[in-house]
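Please model the complete structure; the sequences and the hints are all you need to start from.
Order-wise, the sequence lines are chains A and B.
Our numbering applies: residue -17 is where the first sequence begins, and numbers increase by one.
Our numbering applies: residue 11 is where the second sequence begins, and numbers increase by one.
By construction, these hints were calculated from the structure, which means they are not laboratory data.
Fair warning: this is a prediction, and the values are worked out from it, not measured in the lab.
It cannot be assumed that every hint is accurate.
[Said to hold, decoys possible] A few chain B positions that, by computed beta-carbon distances, are all more than 12 Å from chain A: (1) Glu13; (2) Ala18; (3) Gly81; (4) Asp133; (5) Glu142; (6) Thr185; (7) Ala187; (8) Ala239.
[What the hints assert, rightly or not] Pairwise CB distance ranges, derived in the manner of DEER restraints: (9) B:Ser83 to A:Arg(-6): 32 to 40 Å; (10) B:Gly81 to A:Arg798: 15 to 23 Å; (11) A:Arg797 to B:Glu22: 16 to 24 Å; (12) B:Ala238 to A:Leu(-12): 51 to 59 Å; (13) A:Leu381 to B:Gly81: 49 to 57 Å; (14) A:Arg795 to B:Ser83: 17 to 25 Å; (15) B:Gly81 to A:Arg(-3): 34 to 42 Å; (16) B:Asp230 to A:Ile(-11): 47 to 55 Å; (17) A:Met678 to B:Glu22: 49 to 57 Å; (18) B:His229 to A:Ile(-11): 48 to 56 Å.
[Unchecked claim] Covered stretches of chain B (in silico footprint by chain A; criterion: 3 or more residues with CB under 8 Å from a CB of chain A, positions within the stretch not fixed): (19) 58 to 71; (20) 96 to 109; (21) 114 to 121.
Backbone N, C-alpha and C define an ideal beta-carbon position, used for all residues, glycine too.
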Amino acid sequence: MTLRLLIKWSLRDLRSRWIQVVTIALVIGLGIGSFASFNSMTAWRLASNDASFEATRMYDLRIGLSDNSFVPTGQLTAAIESIPSAHSIEGIEERLSVPTQLRLNYEVEDEETGEIRTETLLVPGLLVGMDFADPEGISVNRVRLTEGRELGSSDDGQFTVLLEHKFALAYNLPPEGEALLAGGRTVRYVGHALAPEHFLVLTESGAFFAHASYAVVFASLETVQAVAERPGLVHEAIIRISDDASRDVIIGELESAMRNALPQVGFEVTEDIDHPSYRSITEDVEGDQQTTNIIAFALFIGAVFAAFNLTSRMVETQRREIGVAMALGVTPRQIAFRPLIAGAQIAVTGVIFGLIVGWLLAQALKGVLNEFVPLPIWVAPFQYGIFGTVTVVGLLVMLIAIAYPVWRAVGVNPIDAIKTGHLAARGGGLAPLITRLPIPGATFAQLPFRNVARAPRRAFLTIMGIAAAVAVTVVLVGILDSYLETLRQGRDEVLSTAPERLEIDLALPVPVSSSIVENVRDAETITEIEPGLRTFATLSASGSDVEIDILLRFMDFESDIWTPTAIEGSLDTDRRGVVIAQKAAADLGVEVGDSIVMTHPVREGLTSFSLQDTTLPVLAIHPHYIRNSAYMDNRHLDLLNIPPMANRITAVANPGAAVVDIKEELFPISGVVSVATVAEEANLTEDLLNQFISVMRLMQMIPLLLAILIAYNTANIAMDERRREHATMAAFGVPYRTVLRMAVVESTILGALATIVGAVLGFGLMLYITEVLLPRTTPDLGLVITFSVTSVLTVVILGVIAVGLAPLLTMRRLRRADIPSTLRVME
Amino acid sequence: MIELEGIAKRYEVGAIIVTALENVDLTINEGEFVVVLGPSGSGKTTLLNMIGALDTPTEGRVIVDGQEVTGASKGQLFAYRRSKVSFIFQSFNLFPGLTARENVQFGIDAAEKRNGDGPSAVDVLTDVGLGERVAHFPHELSGGEQQRVAIARALATGNPVVLADEPTGELDFTTGAQILELLRRQSESGKTILVVTHNREISRMADRVIELSSGNIVHDGPPEGGRAAISDLRW
Chain A
-17 MTLRLLIKWS LRDLRSRWIQ VVTIALVIGL GIGSFASFNS MTAWRLASND ASFEATRMYD
43 LRIGLSDNSF VPTGQLTAAI ESIPSAHSIE GIEERLSVPT QLRLNYEVED EETGEIRTET
103 LLVPGLLVGM DFADPEGISV NRVRLTEGRE LGSSDDGQFT VLLEHKFALA YNLPPEGEAL
163 LAGGRTVRYV GHALAPEHFL VLTESGAFFA HASYAVVFAS LETVQAVAER PGLVHEAIIR
223 ISDDASRDVI IGELESAMRN ALPQVGFEVT EDIDHPSYRS ITEDVEGDQQ TTNIIAFALF
283 IGAVFAAFNL TSRMVETQRR EIGVAMALGV TPRQIAFRPL IAGAQIAVTG VIFGLIVGWL
343 LAQALKGVLN EFVPLPIWVA PFQYGIFGTV TVVGLLVMLI AIAYPVWRAV GVNPIDAIKT
403 GHLAARGGGL APLITRLPIP GATFAQLPFR NVARAPRRAF LTIMGIAAAV AVTVVLVGIL
463 DSYLETLRQG RDEVLSTAPE RLEIDLALPV PVSSSIVENV RDAETITEIE PGLRTFATLS
523 ASGSDVEIDI LLRFMDFESD IWTPTAIEGS LDTDRRGVVI AQKAAADLGV EVGDSIVMTH
583 PVREGLTSFS LQDTTLPVLA IHPHYIRNSA YMDNRHLDLL NIPPMANRIT AVANPGAAVV
643 DIKEELFPIS GVVSVATVAE EANLTEDLLN QFISVMRLMQ MIPLLLAILI AYNTANIAMD
703 ERRREHATMA AFGVPYRTVL RMAVVESTIL GALATIVGAV LGFGLMLYIT EVLLPRTTPD
763 LGLVITFSVT SVLTVVILGV IAVGLAPLLT MRRLRRADIP STLRVME
Chain B
11 MIELEGIAKR YEVGAIIVTA LENVDLTINE GEFVVVLGPS GSGKTTLLNM IGALDTPTEG
71 RVIVDGQEVT GASKGQLFAY RRSKVSFIFQ SFNLFPGLTA RENVQFGIDA AEKRNGDGPS
131 AVDVLTDVGL GERVAHFPHE LSGGEQQRVA IARALATGNP VVLADEPTGE LDFTTGAQIL
191 ELLRRQSESG KTILVVTHNR EISRMADRVI ELSSGNIVHD GPPEGGRAAI SDLRW
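Pasting the structure below:
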């Protein structure tokens, strides 16, 4: 036999079973494509992050003064330049960032009429002031222009600003326009820009993906100082150091220099990785990689099991021909050649499908990633290594899948190989074990169970293929459910009482008797207010090396409006203590009554605070999922060495007053920087989750498709293997619908077993991801691990119903079968 | 019982028309043991398939037990096979996942008989001499035993016509003779038995031999030399 003939013959083999061939190739393609693209995603993100952060010169170190501390311009630079390793400093920028509110008009097209109407937007935000006048540009944390023009020295103090790119994009804002800042200052925006700290926009309280509801505005330092009425003052410096410099050494030197230069001012030296946005973008890559690796690996393994099983079964249908060839004296090597060529062709087709699936998925994932984290530079080079490796593995699996049945076939006497020509499993397999199973109904009800049991190896491989797809689905829906349940519980906690209340942020802490507080109290749309104070602090506990940055809120524990729920302990106003989140208590290993150390600001002068450690008891534990939310009673404000002051006011609106009216009324009050209902804050996170859900739904399509393809091809090959049984049934007058019902029941049994295996595997993987991997990247989130009824149904629909119904797709083949010819096949 | 009027069957194989049966007229009475004899390609299996409604004639009519098979809908043909005819195949075609008893029970279930309407699966298996093997799977049985299970399955349906296509083809002489004896007994109890074979020796024990050649009946009558006893057969 010539090679040409063998290739032609193998091509005919493929053509005669083209549906099975295409399905197997698609299964391989889905496995290879999803594995390669999910793994490439990590490489793309790392490359894009590096390029974007390098191009915008993300800071390495930051000196931040404690809350509400300011120093004259130049003092921080002088302190930094005084350190022994000053030669390693590549750039220093002093900055002043203040919270603000932004009001501007934007145009929106009416969905029904198509008319353009103008809407007014009023959102909280952050005004970032830095030096745009440097002729060589900003040396640290450059803003990268995406629309409009750059800011320059001519803009110093001119109230011209740049809007954050994603915020502008969310409202389709033009490059130029006017906006109003809190306190009534009009500014002109002249462009849109991206900055490394805001690639992922976070609110001051740490809410993610806030780009549409939180406006970051870039302006010259002088402009921000003027707006904030802090002329000549700054409160942070950001620093770039050379690559070969030791961060630890420089941090030590900076801390020493700051203590010497500004002994009365509290400060903190942090690294880029401490910035939540930077950390989320960079560290999430590693965490996400582990999660996506698990999902991609599970899909790939599922595809491998399925491809192995289906290919083996396809080759087994040729055992009769193999036996004939053996009888004719053809050598085993020659016999193996034809199916191997056919298998290689399926594998190559699968690889081509894999490249297509991978490319399509890559485009979808790139789009999603770019939407979530729009970096200024996106690089997505083809990952030859990943695709190459997975392709080689795919090819090897296919060749093994073919070699195995061929090896089995040539290992027996030719007559036995010929005798096994009727395709179905000969032996009883495990069928004798289930003969005592009391299954009600006629033999038609018994047959599907026996068919599964009599070919345990095939059933196992089919089950594992589908189980992998089910496991991936369980992981995806489980993670989603856990997020949703966590948010729901958080929302329930926040909205437990007075759900319509508002939170009003002030630019700076002010005495509770100040005019700002009084103006808010006197607003017509407001009926009741409770002033409170928020400050940053850190918690630690003896015996634990965990340190938790918290947003500590002083409030009235006897408030009629809202107080946190004490799920353990009580909101004792007499004892000086702190109420912490459940997750914080778990991470610190403390319970109610235990002592924890709080590092908090203590007022030293008019605009300076130092940091001090105080040991406090845990008064109570609240259930909110954000571990950095903590509370103390207003009566213990002396901890900070300040009189009763407020920078956050809780307000109850006049019944009937619209939120927009309240915002409009409070906007002109100088010092008010943000007005939002608590529901709005909760909705922010839900908006984010809705995007996340759409991505998850996209990802869920892959295991769904994989499971259906496996089930369909299993049913299709089974139809080949059982065609004589089906013909016999037809000869006895058993209707096609009964035959099909048996196939459906058999497929349902496989689906149900696969669902059980997949659910167990998936649940284990989900627990590993949610309890081990996610806490590493999002330690502040106390995820409530949940699996909803809807998700159970989703998995059952996928694993049992979709798989169970797959044989219906073979109905046409069954009806078109040539019964007399099939019955005449002799052994 | 079985009437075939002007039956013809032609197949198109590419541009060639192959005639499997041509102008076959035939009547088979209830309780007859008929052997359809002929060489390979003579049309004997096609004839069996026509009677069994597994195939449709190009021309002519098939009437079985007063029911016209030709022109019936697919659903009616399935119902016909459930209630009128039962098949026995050369290669047994047992369901490997079912035990002997369950394979026979399958025949009862397929014919939509309720338990108690007729003999049980075990009774039928006992009748064919397999009372001790009811719990065995096909792969645990010899070829002869498997064919006896297949016969039991066909008999258990209670259908009046049994169509056997080369039932001894895979069996040795002794086993084959036992199978034929079994079939013979069934005709004596009132069932109409049609056995297709190319083995002339088998035809000696039939009531009637229909010999086919190139799709035409060339002989229809009792076996030459009269009906022989099973013990007289040799092949």
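Right, here's what the structure says about each hint:
1. Glu13: holds (21 Å)
2. Ala18: holds (17 Å)
3. Gly81: holds (18 Å)
4. Asp133: holds (16 Å)
5. Glu142: The assertion about glutamate 142 of chain B holds, with a minimum of 17 Å to chain A.
6. Thr185: holds (16 Å)
7. Ala187: holds (21 Å)
8. Ala239: holds (29 Å)
9. B:Ser83 to A:Arg(-6): 32 to 40 Å: holds (37 Å)
10. B:Gly81 to A:Arg798: 15 to 23 Å: holds (21 Å)
11. A:Arg797 to B:Glu22: 16 to 24 Å: holds (21 Å)
12. B:Ala238 to A:Leu(-12): 51 to 59 Å: For alanine 238 of chain B and leucine -12 of chain A the Cβ distance comes to about 53 Å; the hint holds.
13. A:Leu381 to B:Gly81: 49 to 57 Å: Holds, at about 53 Å.
14. A:Arg795 to B:Ser83: 17 to 25 Å: Hint holds: Cβ distance 21 Å, inside 17 to 25 Å.
15. B:Gly81 to A:Arg(-3): 34 to 42 Å: holds (37 Å)
16. B:Asp230 to A:Ile(-11): 47 to 55 Å: holds (53 Å)
17. A:Met678 to B:Glu22: 49 to 57 Å: Distance hint for methionine 678 of chain A, glutamate 22 of chain B holds at roughly 56 Å.
18. B:His229 to A:Ile(-11): 48 to 56 Å: Given a distance of about 52 Å, which is inside 48 to 56 Å, the answer is holds.
19. 58 to 71: holds (count 4)
20. 96 to 109: holds (count 11)
21. 114 to 121: holds (count 6)
This entry satisfies every hint, going by the numbered hints stated previously.
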